[in-house]
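K.L.:
Use the sequences and the hints to build the structure in full.
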Amino acid sequence: MEAELRSTLLRCSLVCKTFCDPALSALWWRLDNLVPLLRLLSCFVPTKVKRKGRVRQGGDPKDDTLYVLKGELSPKDWARFRQHARRMRVLNFPKIASVTPHIVSQLSKWNDGAPLLPGLKELTWLPAAPTDTAALLVGTERLELLHIVLSCCYKP
Numbered sequence: 204m205e206a207e208l209r210s211t212l213l214r215c216s217l218v219c220k221t222f223c224d225p226a227l228s229a230l231w232w233r234l235d236n237l238v239p240l241l242r243l244l245s246c247f248v249p250t251k252v253k254r255k256g257r258v259r260q261g262g263d264p265k266d267d268t269l270y271v272l273k274g275e276l277s278p279k280d281w282a283r284f285r286q287h288a289r290r291m292r293v294l295n296f297p298k299i300a301s302v303t304p305h306i307v308s309q310l311s312k313w314n315d316g317a318p319l320l321p322g323l324k325e326l327t328w329l330p331a332a333p334t335d336t337a338a339l340l341v342g343t344e345r346l347e348l349l350h351i352v353l354s355c356c357y358k359p
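Counting from 1, position 10 in the sequence shown corresponds to residue 213 in my numbering; the numbering is continuous, with no gaps.
Mixed in with the good hints there might be a few duds.
Unchecked claim - Under the rule of at most 20 Å between Cα atoms (straight-line distance), these lysine to any residue pairs were calculated in the SDA-like manner:
1. Lys-312 <-> Ala-282
2. Lys-273 <-> Leu-244
3. Lys-220 <-> Trp-232
4. Lys-324 <-> Val-238
5. Lys-279 <-> Lys-324
6. Lys-251 <-> Leu-340
7. Lys-220 <-> Gln-286
8. Lys-324 <-> Thr-334
9. Lys-324 <-> Leu-339
10. Lys-279 <-> Arg-289
11. Lys-220 <-> Arg-289
12. Lys-312 <-> Leu-230
13. Lys-273 <-> Gln-309
14. Lys-312 <-> Glu-275
15. Lys-251 <-> Thr-303
16. Lys-251 <-> Ser-216
17. Lys-273 <-> Arg-283
18. Lys-312 <-> Trp-232
19. Lys-273 <-> Leu-241
20. Lys-324 <-> Arg-290
21. Lys-279 <-> Leu-227
22. Lys-312 <-> Ser-245
23. Lys-324 <-> Arg-214
24. Lys-273 <-> Arg-290
25. Lys-324 <-> Leu-244
26. Lys-324 <-> Leu-349
27. Lys-279 <-> Asn-314
28. Lys-251 <-> Leu-269
Said to hold, decoys possible - Simulated restraints on C-beta separations:
29. Glu-207 <-> Thr-334: 39 to 49 Å
30. Ser-308 <-> Ser-210: 17 to 27 Å
31. Lys-279 <-> Cys-223: 28 to 38 Å
32. Val-218 <-> Asp-280: 40 to 50 Å
33. Cys-215 <-> His-305: 34 to 44 Å
34. Phe-222 <-> Ile-351: 34 to 44 Å
35. Phe-222 <-> Gln-309: 30 to 40 Å
36. Arg-292 <-> Thr-336: 18 to 28 Å
37. Arg-289 <-> Thr-211: 30 to 40 Å
38. Cys-219 <-> Thr-334: 40 to 50 Å
39. Gly-316 <-> Cys-246: 28 to 38 Å
40. Pro-278 <-> Glu-207: 16 to 26 Å
Treat the hints as calculated values from the structure; they're not laboratory data. From a predicted model like this one, the values you see are computed outputs, not experimental measurements. From the three backbone atoms N, C-alpha and C, an ideal C-beta is built for every residue, glycine too.
P.N.:
In structure tokens:
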């Protein structure tokens, strides 16, 4: 059902200028991970890796894909990223086992330290490690609800 709704919203955004803005706002309102937003960047690419140890919550133990930023971030890509990032209100951060925390840090530098998701109101976050502060770079003063999912065991 969710996929069908998202597909309908995408088609509505392409129908005409009148439908475009409301449909895109509804489409980007809630994401279960950052990958769709990050895929707007041409330098965000998948690489194959051999995973060692524990897989992060929401991650597939058989998934050997890890996303990295390679090359330069173009101004056109960055403008498109920011246009859609400002529409997001709810983000479920735990399901991004294939996105390393340093990507959020790199993008924050591109954004001059300003929050990457300025309209975010609700965030569910699973730190990748005890020292992971990536969520601090995503959230804003508009954040109304924060869920932190702590794992009892971290294995380096």
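K.L.:
Which of the listed hints are broken here?
P.N.:
Going through the list in order, the structure violates hints 5, 6, 8, 12, 16, 18, 23, 24, 25, 30, 31, 32, 37, 39 and 40 and respects the others.
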